[in-house]
Amino acid sequence: MLLLIKYTLLYGIVLMLVALGGMFSEHSGIINIALEGIMVIGGVAGVLALTMLPADAPAIVVVLVSILASAAAGMIYSLLLAFASINLKADQTIGGTALNLLATAIAVVLAKYFSESGSAKLNYSNKPFLFSIGGLELSVFVPLGLVLLIVSYVVLYKTRFGLRLRSCGEHPQAADSVGINVYRMRYAGVLLSGALGAVGGMAYIVPPVQTWNFEVGVAGAGFLALAVMIFGQWKPFHIFGAAMFFAVFKSLANIADSTFLASFGWSSNIYNMMPFIASMIILAFTSKNSMAPKAEGIPYDKGSR
Amino acid sequence: MKKNKLSRAGLQGSLVGVLAALLCILIGLLCGYLVLLAINPAHAWSDGFVRILKGGFYDAPYGVGKMLANAAPLVMTGLSVAFAFKTGLFNIGAAGQYTLGAFGALYCAIVLHLPWFVCLLAATVMGGIWGAIPGVFKAYLNINEVITSIMFNWIGLFLVNEIVYGNGSGVMYDSRNTRTWNLRKTAGCEGSVIPDFGLNDLFQTNSTTIAIFLAIVVAIVIWVVLEKTTFGYELKAVGLNKNAARYAGINEKKNIILSMVIAGALAGFGAGLYYLSGVSEWNPLNSTSLPAMGFNGISVALLASSNPIGTVFSAIFISHITVGGSFLSTKYYPTEIADLISGIIIYLCAFSMLFRGKIRGLLFAGKRADKANANAETAPAAVKKEGK
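Going line by line, the protein sequences match chains V and L.
Just so you know, our numbering puts 57 at position 57 of the first sequence, and the rest follows in order with no gaps.
For any residue, its number in our numbering is found by taking its place in the second sequence, counting from 1, and adding 1000.
Heads up, a few of these hints could be off.
Which stretches of chain V does chain L cover? Using the computed rule of at least three CB atoms under 8 Å from a CB of chain L, they are [what the hints assert, rightly or not]:
(1) 79-88
(2) 105-112
(3) 269-275
List of simulated lysine-lysine pairs, BS3-like, C-alpha gap at most 25 Å [unchecked claim]:
(4) K1358(L) <-> K89(V)
(5) K1242(L) <-> K89(V)
(6) K1331(L) <-> K1054(L)
Treat the hints as calculated values from the structure; they're not laboratory data.
Fair warning: this is a prediction, and the values are worked out from it, not measured in the lab.
For each residue, glycine too, the CB sits at the ideal point set by N, CA and C.
The shape of chain V in the complex, shown without the other chains (with noise of 0.2 Å):
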């Protein structure tokens, strides 16, 4: 049960971090289903910055360098995807489709270049990521993300440049009527995506295991919090929610060989289908009255109005 709950929580705040990351963009008026690779960079940035440090660097500075650092990475890419939809008014399904193509390409290159071994693993300590309560082992990102789910809250409900980003998503032709630079908005919530979903990637690559082999990528979890942040209509706790039920799922999965679930026989392909055709459940009944914003997709051009 112990374990179930561990599991939970860590891939829980993974799929949480991403989606937020999704939400700012969506809200901004940006789809971004470049998420799984900005999860990807994010991760190898980390992973990297991990490895570089020397070995014997207090443990607060490696966590916080290194999750700068992908944060960081992960703004950076961002920003091609920001260019192409913003800037240059490209689709942006398929923007974010070509940076999702790119990223593993990219992700395994410095992984090859800089393991020792010429194989796209690259082994590092998570160590300093990890603590525990009682048993039960967390890592920090647990705490970390529950921080930043209630600054994402009180950052889009209860500011200026909240209530901004909202109505860059709604209606930016409205927004830029009253004075709101509609693309820099876009440009901030596309760059807030691009830290969440990079630090969400760390945490998914970070504090399970010691080696990570990055021709995998992150294995569909970017694409899951896109589901996460539809479930989640939109809305930080509403995403929380969301997301701790899929973990719920995905924990059963790790688990199902080793506990009383075995006796089912289901196997971990089984628990693995549950949420997305569970998210395709729920897709089919809430699509009616969706809340999701209502320009998202559609490039904001100013001669249109």
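Fit chain L to the given chain V structure using the hints.
Using the frame of chain V, we list chain L on its own:
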């Protein structure tokens, strides 16, 4: 007279499209060369860049055969995505449809021992079914096909792995190789392999079959359907404007579903071509990544700006540099440089409309100035072409 002008505008459009694609390729290759320089400057030109450019020809004829064997399914997944694009849908689900197609083909081959064309048909049907699901969700519930396709990609992967693996005792699973049974080496399955008519001897490979020719034939058929039939016209009309199409008496729900079924069937057919040629076997233990062929199909379609005939050439190109990348000496370079190059090319393709505008401006600006009168007449035709 009018017809003549129309075809000229069409020609101009495709010329600009080809030039834009070439520009994307050129910039992509340049970026790839810079990466090669950054990793290992001493070997960047002859051991790196030239090998990628030579592609399969570096180790001809074997490399060329390998390139063709990989190009055939790529043409099909590219067609799948391109066909959906033409009808206003983004089929990111080609990977899932490909997975189901692979299952259909391999099941008919390994378990039922059916002849190869029946296996291909099964692959096509399975892909079509998996494509129909996002279509139904889109038509009746108005859920974006991108989200549905992504979900069903993973559902398909887990489902197929579960059935094939069957906790290690599946009938299609060869536990010694941790793959499905090798069709060429398993009794009863020889008839399920696509015939090669001597191509294997010609290229000294064991997986070059007539698959590439089948793919080219399908590409031509799809072009005819889209450009020359009422059915294709209706599909495109729904893609351009659903409401206008309904007003014109077209059943838009049926057409959305049909578009996705055809797109899925094309991807499934591609999987059939790949696995029935015996290029490799399905690995049911890989539950973390979808077949790359599906996503590379998006690259192919974008590079070809969704032209069915263009997909043949762009698939051969992508396959060419991928095979070229695999010939890189791993001592100096990771083979994924080729993926990096194609990734950059696709990113550039995402805003190739911009390139197209620039090229058109450069090439035809002079003519436009002194033929202002003629231009006024060709403009609507050009717009029509864009609309297609």
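Let me make sure I understand: some of the numbered hints might not hold for this structure. Which ones are they, in numerical order?
Violated: none.
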